[in-house]
Amino acid sequence: MNGVAEALALGFGSGPVCVASCGPVLLPWLGAEPRKLGPTGRLLAIFLGGRLAGYLGFAVVAWAAGLTLPLDLRSRSLVFGLANLGLALLLGFSACFPHRASVAPEEHATRLYQIDAATRFRPPSALTLGFLTGLNLCPPFVAAGVRAAATHSLLGALAFFALFFAGTSVWFLPALGVSWLRRFSAVPTVARMTMAALAIYYAYLGIVSVAAWRMAAARAGNLFIFISGMVSHA
Amino acid sequence: MPDKAPPSAPDLPRSIGRSLLLSVPMALFTLLLFTPVIRQPGRPAKLAALVTWVFMIALFFLMMRTRETYRWRRVFFIALGFLFPVGFIWDLIALRSSMSIPMERMLSGDTPFCFMVIPMTLIPAALTKTIIFPGSILPTPSNPHSIAMMVALWLLATVILGKAWCSYGCFFGGLDEGFSSIAKKARIRKINPRWRLAPWAILVGIVLLSAATFEPTYCMWLCPFKAVTEFPQVRSTQTAIQFGIFIALFLGLVVVLPFLTKRRTQCAFFCPFGAFQSIFSRTSIFEVRIDKDKCGAGCLLCQNNCPTMAIDQESIRAGKTLSSCMRCGACIDVCRKDAAVWHIKGTPVGLKPERARLLFLYAGWVFAAMFGGSIIAHSLERLIGLAM
Chain U
554 MNGVAEALAL
564 GFGSGPVCVA
574 SCGPVLLPWL
584 GAEPRKLGPT
594 GRLLAIFLGG
604 RLAGYLGFAV
614 VAWAAGLTLP
624 LDLRSRSLVF
634 GLANLGLALL
644 LGFSACFPHR
654 ASVAPEEHAT
664 RLYQIDAATR
674 FRPPSALTLG
684 FLTGLNLCPP
694 FVAAGVRAAA
704 THSLLGALAF
714 FALFFAGTSV
724 WFLPALGVSW
734 LRRFSAVPTV
744 ARMTMAALAI
754 YYAYLGIVSV
764 AAWRMAAARA
774 GNLFIFISGM
784 VSHA
Chain S
49 MPDKAPPSAP
59 DLPRSIGRSL
69 LLSVPMALFT
79 LLLFTPVIRQ
89 PGRPAKLAAL
99 VTWVFMIALF
109 FLMMRTRETY
119 RWRRVFFIAL
129 GFLFPVGFIW
139 DLIALRSSMS
149 IPMERMLSGD
159 TPFCFMVIPM
169 TLIPAALTKT
179 IIFPGSILPT
189 PSNPHSIAMM
199 VALWLLATVI
209 LGKAWCSYGC
219 FFGGLDEGFS
229 SIAKKARIRK
239 INPRWRLAPW
249 AILVGIVLLS
259 AATFEPTYCM
269 WLCPFKAVTE
279 FPQVRSTQTA
289 IQFGIFIALF
299 LGLVVVLPFL
309 TKRRTQCAFF
319 CPFGAFQSIF
329 SRTSIFEVRI
339 DKDKCGAGCL
349 LCQNNCPTMA
359 IDQESIRAGK
369 TLSSCMRCGA
379 CIDVCRKDAA
389 VWHIKGTPVG
399 LKPERARLLF
409 LYAGWVFAAM
419 FGGSIIAHSL
429 ERLIGLAM
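In order, the protein sequences belong to chains U and S.
If you're matching positions, the first sequence starts at 554 in our numbering and goes up one per residue.
If you're matching positions, the second sequence starts at 49 in our numbering and goes up one per residue.
Each hint should be verified, as a subset may be incorrect.
Said to hold, decoys possible - Just some of the chain S residues that point at chain U, by a computed CB distance under 10 Å: (1) LEU175; (2) ALA249; (3) GLY253; (4) GLN281; (5) VAL282.
Unchecked claim - Each computed SDA-like pair below joins lysine to any residue, with the alpha-carbon atoms no more than 25 Å apart: (6) U:LYS589 to U:ALA696; (7) S:LYS385 to S:SER371; (8) S:LYS238 to U:SER738; (9) S:LYS368 to U:THR742; (10) S:LYS368 to S:PHE419; (11) S:LYS233 to S:PHE298; (12) S:LYS177 to U:PRO727; (13) S:LYS177 to U:PHE737.
Don't read these hints as lab results, they were simulated from the structure.
For glycine and all other residues, C-beta sits at the position ideal for the given N, C-alpha and C.
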């Protein structure tokens, strides 16, 4: 019972940092999506589901690897890098190819648009975005990971993460307010422009992380050659 | 600005005596502001303060005499824009022999606080009571540009003037206004109006990223004016990339595009603080309105001459400017039918617009003299000191 309360309290206490961490992806994307509260809530729920899947996936890997912190520093650079590149790609596509419902109603009425929309790239699902942000570990997640690892069972760790996630999710509810902002006709355009700018930022982060991974791998390789050379010399 | 039609009755110049009379309150009030500087020891400081005071009052007198706002405000604003970096760089060189700030100085809170940071600090300050800027709350000997002073000045000006901050207070805007004034004709005339929304996108992006990373994202990555003020010391690939971005944005948005378009492109299509300031336009009682009864010829002179594209046909039909209007007065000065007018909220549109203009100018020019004037005087002091 104490564990349940602890996980919930940890999640609730660190929720604002989680919201701040996911905000750059979630809020502009919701701003470019359909306007009503119901669909926005559904999308938010799916996004959070994707985020939970990302969390739990990482928790399983961390457990299987038997590490306190998920993966070693080098592998984390690669995972972060790929997750950021994935986010950049999806945000870029979302900016270029808006959801049908976010386009002006008069455009819907035209047959030409319907044909065009059918052949267009489908914007990424909320699930994918949520999953990728889940992989982008934020400090509260690491704190929860350390605590979950101490539960000594995989199911216990997963349950701890799920409850921690529930605690953080409360802080995501204000994101529903984006549907209210959609009353302003400029909001979808601003949201798409923001996504385009953020896509560049995430692409930069992704490239830097992958480059860091490459450099670390190269250095590790050099070290291996150096050590084997020393051994053979001896 | 294109040539104007012959002046209509209200556009006739005021008499010299009446213009002088209207300038006297401003002269006395600004003299009070400049007196402490004039009393400072050293001839350069005295001379600089005196020159600045005369400059500000001469421009105000000309505004009264000619009834034109934009033309004379622009002179002040360009002077502010070009002199601010002179004094700022001078101080940096005197303080540490370089325009770049090393990381250790940033960590010790020596970075001067700039108003651009204000929107980025709000969410982190609300969530964690932390100001995500390496400055100091109160002035220190090594950093007199403190956070408290700048926020207080900004609040005061914003409540009274709203978005007019961007035309009477911003020490960066004068640079792109200056470059936009060089060419006689715009080489790029057609600009997609959708670009007007770009500052909002930049604002949302930097606010969200600053909350996520706890860093002033705009200052670190996107501020074009870092190129002419202060930038992080180039010690790594990242700082080299940042420096490259600052230079590219400065040349593109502040020099080349204003020259080609004759618009304040940085202010209109990029500046996130301008977008943030638009939110507070409602706090100010001063605004620009379009008298629909007088307008109607469809000349679109106001639309074509607005430096920030804050007027379009829809807004003309609605009788008002867009929220991005900086109250620079260009549309009012150029209107041949006196349809574009200064207006005080709560009064009928077109009722004694000159009185509304006077009230706005008294408030705006006091702030301009207090904030911009002190910056001009500071830079002039350095230049006069060099010459003497």
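Hints and how they fare:
no., hint, in the structure
1, LEU175, "holds (5 Å)"
2, ALA249, "holds (3 Å)"
3, GLY253, "holds (5 Å)"
4, GLN281, "violated (19 Å)"
5, VAL282, "violated (17 Å)"
6, U:LYS589 to U:ALA696, "violated (36 Å)"
7, S:LYS385 to S:SER371, "holds (23 Å)"
8, S:LYS238 to U:SER738, "holds (23 Å)"
9, S:LYS368 to U:THR742, "holds (23 Å)"
10, S:LYS368 to S:PHE419, "violated (29 Å)"
11, S:LYS233 to S:PHE298, "holds (22 Å)"
12, S:LYS177 to U:PRO727, "holds (20 Å)"
13, S:LYS177 to U:PHE737, "violated (31 Å)"
Comparing the model with each numbered hint stated earlier shows that hints 4, 5, 6, 10 and 13 do not hold.
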